[in-house]
Amino acid sequence: MSVPETPSTSRYEISENPEGGITLNIHGNMGAANAGQMIDELTALLSDYSPSSLTVDLEKVDYLDDFGTLVLAHLRKLVTNGGNGFYVINSSDKIKELLSILHFDSLDEKMSIEKKRSSGIFIRIGEATLQHISDLKYAISFIGSIILSLVHICLHPRSLRTDDTIRYMQRVGVDGLPIVALISFLMGLIMAFMSSVQLEQFGANIYVASLVSLAMTRELGPIMTAIIVAGRSGSAFAAEIGTMKISEEVDALFTMGFNPVMFLVVPKLVAAAVMVPILTLFSDLFAIMGGLVVGVFMLDLTAGAYMSQTIKTLELFDVFWGVLKGGVFGVLITWIGCFRGFQVRGGAASVGQATTSAVVSSIFLIIMCDSVFSVILRYWG
Amino acid sequence: MGSKAIIRVKDLRAGYGEDIILDHVSFNVYEGEVFVILGGSGCGKSTLLKAIIGLIEPRSGKITIDGDEVSVDDDTTLQKILRKVGVLYQGAALFGSMTIAENVALPIREYTSLPKESIDVLVKMKLGLVNLEGYENYLPSELSGGMKKRAGLARAMALNPKILFFDEPSAGLDPVTSAELDDLILYLNRSLGTTMVIVTHELQSIFAVAQRIIMLDKRAKGIIAEGNPKYLRDHSQNQFVKQFFNRQADEKGVVSRGSQ
Ligand SMILES: Nc1ncnc2c1ncn2[C@@H]1O[C@H](COP(=O)(O)OP(=O)(O)OP(=O)(O)O)[C@@H](O)[C@H]1O
Ligand SMILES: [Mg+2]
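Protein sequence lines correspond, in order, to chains A and B.
The numbering of the first sequence is our numbering, which starts it at 1 and goes up by one.
The numbering of the second sequence is our numbering, which starts it at 1001 and goes up by one.
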């Protein structure tokens, strides 16, 4: 019961019989390693003849598997194109069994796999629209269940999963602090540097401090922080929930009587709502330090003057406003991240899509929400 | 019966991190045989399988497949060995973004020069063997657990490898499909001479297909019995082996499973 070494070539012998048919003697192996080559060689070989029938003698074949069967099917197609006969002779019992199990007699090379038909453009547009509508419905009902869970938490504070919440706080906040600090510091530096080029012409260097602090606390601090959190944590939320979804962990939670939203979303939501504002504060602080560095080393301002100008410019309301925005952005990021995670269907690729769209939609929503905040401030402020 | 040892495992020690799961494990698998690895859950059967095919690096010991030593570091030899084996993983491990047909066609497309239409025919034949014709365009996520197993099997045998490794092929299959799978295993073994290394718990299929078994044990961290399953069932002195084959619980209690 030994398997012949697979990579070996086959030899062929052709003899013509008086009726115009030919007999093909195959020696050696007919397996995966040489099936492609055999098809090419035999096609070339037989193109010199136009036999009335083809008899394939398998007596000297040591090994034949489904790849070999394919070669036989190919040969049959070559001759029977003209309506001629095709015969296999001297096959061993093993080969006979194989050919019958593989339904060699009904095996047709044209039996190719049809791809699922892709439908017309209108149908696809329609389907996409319906898909978006159902997405929207789901998004709204998802908000509903989050709110219900939050109400439940307010009524029964003990049902909040504190350990999870603290772990997510660490992931979102503490672990994100270095990158938020670095980027904000550099932003402060760049802003101070860019504005100083203009302000220096009027000898108004000191207003660099006002510009940096005001722009950062009100607008850029929260936005930058939120974008970083969306990239770090929003994507992680989507991937985590998405993976749990495909490995049926979410179903398991559900059947154990847990509310998946309460279990998976609320801790993340609370963590982000608390940590993003704190990160925003740090962002403001580091941006001001970045501006200070430019002010002191390039604009000949004293640190004291820079700081007192900053304090004079900033009102408590500005800081509060920025922090409030941070909190709202944090909630948005978690909502979108978890929502995309729960939408995952199928396999690994779907998790990738969910992660991407979590980040893209969060950034879009952050910017849109920020403009709403600006409008509110303009008319109510 | 072929007598050449196609897989040799010598004094293998394997584990994860601090834990040693298997120690002093030695056995041979002979060419053309159906070899079954048994043992209680968590005793290291999957670990042994992974060590043999070079997925995890053994702590010590030597494994050779068809004359070549399996070594995680020697990439060219490993590639050569891997061309000769097909693996069905415990969780089927189908690629989720590809249809069943694409999953099966992937190795064929990579390693043969066959034209696309021929590959389609082959894929249909392979899926026919595992009773999955008609599911070519389904994604793995659209199949049931047992169907995934069968599709994974079709992919493992895509290139008719010399050795097939199955990690619990019949888990999740109904008795009829499971019996058909046994037939398929025997048939592949008979007609193509494929060597089979199977991890399974199905007593019936063990008696149906296995020519030789080894039984691993968690406490012994190694082999506690080796030989023909029917013989072991009737003659083994080992308590756990007897329990296993006669499907009895431990007298001491449900939880403590182990050999004496
Ligand atoms: N990736 C891993 N890291 C650490 N330990 C592991 C890992 N995989 C398995 N183990 C440990 O190795 C031991 C053996 O696991 P293995 O998967 O080989 O068991 P098994 O015999 O295949 O069991 P089953 O029949 O349940 O599949 C177990 O105790 C398990 O805890
Ligand atoms: Mg296992």
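Think of the hints as simulated: they come from the structure by calculation, not from any bench.
Positions of the beta carbon are idealized from the N, C-alpha and C atoms, including for glycine.
Mixed in with the good hints, there may be bad ones.
Stated by the list, open to error - Covered stretches of chain A, as calculated for chain B (at least 3 residues, CB under 8 Å):
| id | region |
| --- | --- |
| 1 | 25 to 37 |
| 2 | 59 to 67 |
| 3 | 284 to 296 |
Each hint tested on the structure:
Evaluation of the coverage hint for the region 25 to 37 of chain A: fulfilled, as 6 residues show C-beta separations to chain B shorter than 8 Å, against a requirement of three. For a cut-off of 8 Å, the count of residues in the region 59 to 67 of chain A with a CB near a CB of chain B stands at 4, and the three-residue condition holds. Counting residues of the region 284 to 296 of chain A whose CB falls under 8 Å from any CB of chain B gives 0; the rule of at least 3 is not met.
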